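Enquirer: Protein chains in written order, with the numbering used here: chain A, 1 to 115; chain B, 1 to 111.
Hints were generated in silico from the structure; no laboratory data involved. Watch out, some of these pointers could steer you wrong.
[Stated by the list, open to error] In silico lysine-lysine, DSS-like type, Cα no more than 30 Å apart, as pairs:
id: 1; chain 1: A; residue 1: Lys-3; chain 2: B; residue 2: Lys-13
id: 2; chain 1: B; residue 1: Lys-62; chain 2: A; residue 2: Lys-56
id: 3; chain 1: B; residue 1: Lys-22; chain 2: A; residue 2: Lys-55
id: 4; chain 1: A; residue 1: Lys-70; chain 2: B; residue 2: Lys-62
id: 5; chain 1: A; residue 1: Lys-3; chain 2: A; residue 2: Lys-110
id: 6; chain 1: B; residue 1: Lys-44; chain 2: B; residue 2: Lys-13
id: 7; chain 1: A; residue 1: Lys-16; chain 2: B; residue 2: Lys-41
id: 8; chain 1: A; residue 1: Lys-3; chain 2: A; residue 2: Lys-70
[Stated by the list, open to error] Label pairs and their in silico Cβ distance ranges:
id: 9; chain 1: B; residue 1: Lys-38; chain 2: A; residue 2: Asn-67; range: 43 to 49 Å
id: 10; chain 1: A; residue 1: Glu-44; chain 2: B; residue 2: Asn-51; range: 22 to 28 Å
id: 11; chain 1: A; residue 1: Val-14; chain 2: B; residue 2: Pro-54; range: 46 to 52 Å
id: 12; chain 1: B; residue 1: Ser-73; chain 2: A; residue 2: Thr-80; range: 24 to 30 Å
id: 13; chain 1: B; residue 1: Gln-96; chain 2: A; residue 2: Thr-112; range: 32 to 38 Å
id: 14; chain 1: B; residue 1: Gly-97; chain 2: A; residue 2: His-63; range: 22 to 28 Å
id: 15; chain 1: A; residue 1: Thr-9; chain 2: B; residue 2: Val-68; range: 34 to 40 Å
All values reported here derive from a predicted model rather than from experimental measurement. For each residue, glycine too, the CB sits at the ideal point set by N, CA and C.
Listed below, chain by chain, are the residues.
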Amino acid sequence: AQKVTQTQTSISVVEKTTVTMDCVYETRDSSYFLFWYKQTASGEIVFLIRQDSYKKENATVGHYSLNFQKPKSSIGLIITATQIEDSAVYFCAMREMSNYNVLYFGSGTKLTVEP
Amino acid sequence: DAAVTQKPRYLIKMKGQEAEMKCIPEKGHTAVFWYQQKQSKELKFLIYFQNQQPLDQIDMVKERFSAVCPSSSLCSLGIRTCEAEDSALYLCSSSQGYEQYFGPGTRLTVL
């Protein structure tokens, strides 16, 4: 069974707008970590932001923020004031305390930011 | 620029040939991971090293791959006999905490 699911395969937005990318996860652990990564056209994967399961506050880094809804096992990524260079594939990932060495990835959402 | 270095960036092999790719983890990171990614899909975990010791790997790696970290500053992943299905982007990451930091990858094409 897929541990991390991203149902949006691609999204297209106009620059300077806000976009939300969805991600749901499945775990029996009480403690886990959720991540969002960005993969550029060259293939490079860049870490963006992390949410710890025990924290109620949504993480925010620069123009990235998270919408963590623990009861729904959901961790959405919000990008405000999008820029052309935000165009990339965004991956959601999860790391469980019980299996700490494995990072489970979703299938990715391709974001295109147009002028 | 990625603090994790991978070489070569591109590798072309014929079926049956041996392939080797290298990774230099970020300085101070004790955990190293290898992933395989096909056609920009999800990353598939291959093997994990902690302090240069392999602690977890999938069956495919045990059967056809060779992976070592002879030092804290160099790891390598090898394929003993390349098959067409091995064509993929091979990503190395390192970690010293919660996040993993990725290298730019080695894109292997098997003809």
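Enquirer: Decide, hint by hint, whether the structure agrees.
Expert: Hints, one by one, checked against the model:
Among the hinted pairs, Lys-3 of chain A with Lys-13 of chain B is inconsistent with the structure: their alpha-carbon atoms are about 34 Å apart, more than 30 Å. Of the supplied pair hints, the one linking Lys-62 of chain B and Lys-56 of chain A is violated, its CA atoms being roughly 41 Å apart against a limit of 30 Å. Of the pairs offered as hints, the one joining Lys-22 of chain B and Lys-55 of chain A is violated, with about 37 Å between alpha carbons and a cut-off of 30 Å exceeded. At roughly 37 Å between alpha-carbon atoms, Lys-70 of chain A and Lys-62 of chain B are farther apart than 30 Å, so this suggested pair is violated.
Restraint check for Lys-3 of chain A and Lys-110 of chain A: satisfied, since their Cα atoms lie roughly 19 Å apart, inside the 30 Å limit. For a cut-off of 30 Å, the pair hint linking Lys-44 of chain B to Lys-13 of chain B stands: about 21 Å separates their Cα positions. Of the pairs offered as hints, the one joining Lys-16 of chain A and Lys-41 of chain B holds, with about 27 Å between alpha carbons and a cut-off of 30 Å not exceeded. Among the hinted pairs, Lys-3 of chain A with Lys-70 of chain A is consistent with the structure: their alpha-carbon atoms are about 15 Å apart, no more than 30 Å.
For the hinted restraint 43 to 49 Å between Lys-38 of chain B and Asn-67 of chain A, the CB-CB distance of approximately 30 Å leaves it violated. Between Glu-44 of chain A and Asn-51 of chain B the beta carbons are some 26 Å apart, a value that agrees with the proposed interval 22 to 28 Å. Taking 46 to 52 Å as the suggested C-beta distance range, the pair Val-14 of chain A and Pro-54 of chain B conforms, at roughly 47 Å. Evaluation of the 24 to 30 Å hint for Ser-73 of chain B and Thr-80 of chain A yields a failure: the beta carbon distance comes to about 39 Å.
Distance hint check: the CB atoms of Gln-96 of chain B and Thr-112 of chain A are about 34 Å apart, consistent with the given range 32 to 38 Å. Taking 22 to 28 Å as the suggested C-beta distance range, the pair Gly-97 of chain B and His-63 of chain A conforms, at roughly 23 Å. Hint check: Thr-9 of chain A to Val-68 of chain B, Cβ distance near 37 Å, so the stated range 34 to 40 Å holds.
Taken one by one, the earlier hints fail for this structure at numbers 1, 2, 3, 4, 9, 12, listed in ascending order.
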